[in-house]
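S.K.: Next come the chains, spelled out residue by residue.
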Amino acid sequence: MNIFLREMKANLTSLFFWSLGMLFMIIGGMAKFATYVNSGQSITDLISQIPATLRAVLGFGDFDLTKASGFYGMLYLYLLLMTTIHAAMLGSNIIAKEERDKTTEFLMVKPMSRSRILTAKLAAGLANIALLNLVTMALSISIVGQYSTGEAITGDILILMAGMFILQVVFLFLGAGISAVSRDPKISASIATTVLLGAYLISVAVDMSSSLNALRYLTPFKYFEAAPLMATGGFDVISVMLSLGIIIVSGFATYYFYNRRDLCV
Amino acid sequence: MNIIEIRNLTKYYGKARGIVDVSFDVGAGEVFGFIGPNGAGKSTTIRTLLSLIRPTSGSAAIFGKDCITHAPEIAKDIGYLPSEVFYYDKMKVIDLLRYSASFYKKDCSKRIKELAERMDLDLKRRIDDLSFGNKKKVGIVQCLLHEPRLIILDEPTSGLDPLMQQTFFDLLREENRKGSTILLSSHVLIEVQRICSRVAIIKDGRIIRTEKMSELTENNYKKIRIETGRITDDSRFDLPGVSHLERKDALLSFFFKGNINLIMKRISEVEISNVWIEEPTLEEVFLHYYQKGEERA
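Keeping their order, the protein sequence lines are chains A and B. Per our numbering: the first sequence = residues 223 to 487. Per our numbering: the second sequence = residues 208 to 504.
In short, the hints are calculated from the structure, not lab data. Here the structure is a predicted model, which is why all the values come from computation and not from measurement.
As a list, the in silico DSBU-like pairs of lysine-lysine whose alpha-carbon atoms are at most 30 angstroms apart:
no.: 1; chain 1: B; residue 1: Lys313; chain 2: A; residue 2: Lys231
no.: 2; chain 1: A; residue 1: Lys319; chain 2: B; residue 2: Lys313
no.: 3; chain 1: A; residue 1: Lys408; chain 2: B; residue 2: Lys299
no.: 4; chain 1: B; residue 1: Lys283; chain 2: B; residue 2: Lys312
no.: 5; chain 1: B; residue 1: Lys297; chain 2: A; residue 2: Lys319
no.: 6; chain 1: B; residue 1: Lys342; chain 2: B; residue 2: Lys317
no.: 7; chain 1: B; residue 1: Lys342; chain 2: A; residue 2: Lys231
no.: 8; chain 1: A; residue 1: Lys324; chain 2: B; residue 2: Lys283
no.: 9; chain 1: A; residue 1: Lys319; chain 2: B; residue 2: Lys331
no.: 10; chain 1: B; residue 1: Lys297; chain 2: B; residue 2: Lys283
no.: 11; chain 1: B; residue 1: Lys297; chain 2: A; residue 2: Lys408
no.: 12; chain 1: B; residue 1: Lys342; chain 2: A; residue 2: Lys324
no.: 13; chain 1: B; residue 1: Lys455; chain 2: B; residue 2: Lys430
no.: 14; chain 1: B; residue 1: Lys297; chain 2: A; residue 2: Lys231
From just these sequences and the hints, can you work out the full model?
M.R.: Shown next, in the form of structure tokens:
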């Protein structure tokens with residue numbers, strides 16, 4: 223419990239600034255929606271003329287951008303990117319920082335097994351990403367609600383946030399796993415974010431060219447996309463299974479390797 | 208009963224040598240010195256004992272339990288002061304110490320206050336505002352606050368001023384009288400001489416010998432240098448017990464082992480402008496050991 227509380231306290235400021243980031247992202251994004259709607263048909267025409275590939279890169283997809291829900295669906299990709307980067311870095315740092323800051327010789331000689339220390343740290347990580355998710359949810363519902371003229375969007379937002387949370391957990395564990403395996407605590411966070419950006423680029427590539435569709439299960443960013451989530455109101459079973467698979471495998475790797483390797487001192 | 212039992216402990220970092228075939232025991236209530244030059248493998252041995260790193264082969268037991276498989280259980284009764292202390296920068300000293308205490312299931316607040324007073328440590332300061340020496344003091348309090356049965360110290364005095372070193376050694380003696388066993392590593396012989404009853408000497412990853420401090424100090428060489436006004440007849444210093452007699456201009460240097468009064472008399476017969484009588488460095492002690500080894504062979 224002491225490690226959990228210590229980690230919560232240590233990450234409080236960071237969590238605050240990430241929340242602030244989400245606030246600006248949602249306010250800024252939805253403010254564009256307001257000008258967009260006011261400008262009428264012309265922008266829709268303009269966007270429809272953008273080649274599909276470029277639309278994919280920008281994340282516009284095939285959303286109905288004249289509706290608040292459609293616009294939010296587009297914005298969701300960016301929110302997803304932010305929260306997963308947060309999760310990957312948090313997962314990686316929460317494990318690696320003891321070695322990076324050379325506090326290993328303080329913490330790891332305490333009467334507590336490495337597994338229990340990992341569990342406390344991962345619990346704190348989960349609590350942090352859950353809080354960021356809840357903040358994003360609350361901000362989304364209240365801010366997007368301002369723009370949705372009569373359109374029911376809360377249900378859409380809830381399902382999107384549920385998908386976002388699963389992805390956050392995926393990247394938290396991926397980050398933790400990378401730190402547990404890596405012998406260099408200074409670069410594990412960079413490796414984690416590189417993996418994340420790689421996954422993102424694959425998802426963009428899949429959007430750009432339908433011939434790459436086979437790659438869609440390779441990247442978690444394809445598991446919980448806004449358009450199908452909002453259309454069906456439910457998750458794709460394979461995507462959920464794959465997410466669970468990644469979480470279990472990286473969770474196992476985290477404990478397995480961290481318990482066996484030499485710690486950097 | 209032995210508190211620490213190390214058997215053929217070997218650690219390679221990849222291909223790089225850490226320690227090779229290290230074996231020694233530390234009995235209950237002993238103050239055991241572990242000396243060797245930097246890079247000899249002192250910290251590697253200690254970190255393996257603390258299960259921070261895993262041995263390549265061999266084993267070590269503390270309180271009769273394997274130090275890797277029973278690490279958390281053993282750790283309850285160990286206090287450890289690393290050679291370089293690093294803590295969470297943004298914490299205050301008192302918060303760090305309370306955090307440390309929270310891992311041991313006992314109330315340590317009184318003990319923290321006592322130790323901080325003894326070590327003259329301000330508990331309200333932030334860790335990152337502290338000097339190196341003050342961080343070391345935090346380390347000392349942190350190491351002793353749960354009244355451990357085994358105290359492991361890795362180069363404990365670096366960064367402490369002589370007065371604090373004195374206080375610290377007094378503290379250690381008290382802990383030892385109360386029944387704690389102490390393992391102290393150092394590359395400074397004198398430091399080990401001050402407090403230890405037995406020592407193991409390590410060089411290039413291997414234990415050269417383990418012996419009682421009294422035996423080591425019997426061979427207590429003094430390193431003497433004399434500056435003479437003019438060059439005198441050096442043969443008068445060629446006494447039994449003198450070795451490595453060398454002159455460099457006005458400076459005469461040699462090692463001496465034996466009755467110190469004899470050599471002092473000889474020195475007083477000469478007109479000198481300066482004199483240094485020093486403890487030999489660890490390397491010089493080793494040199495002596497190697498020579499002795501060769502003589503025997």
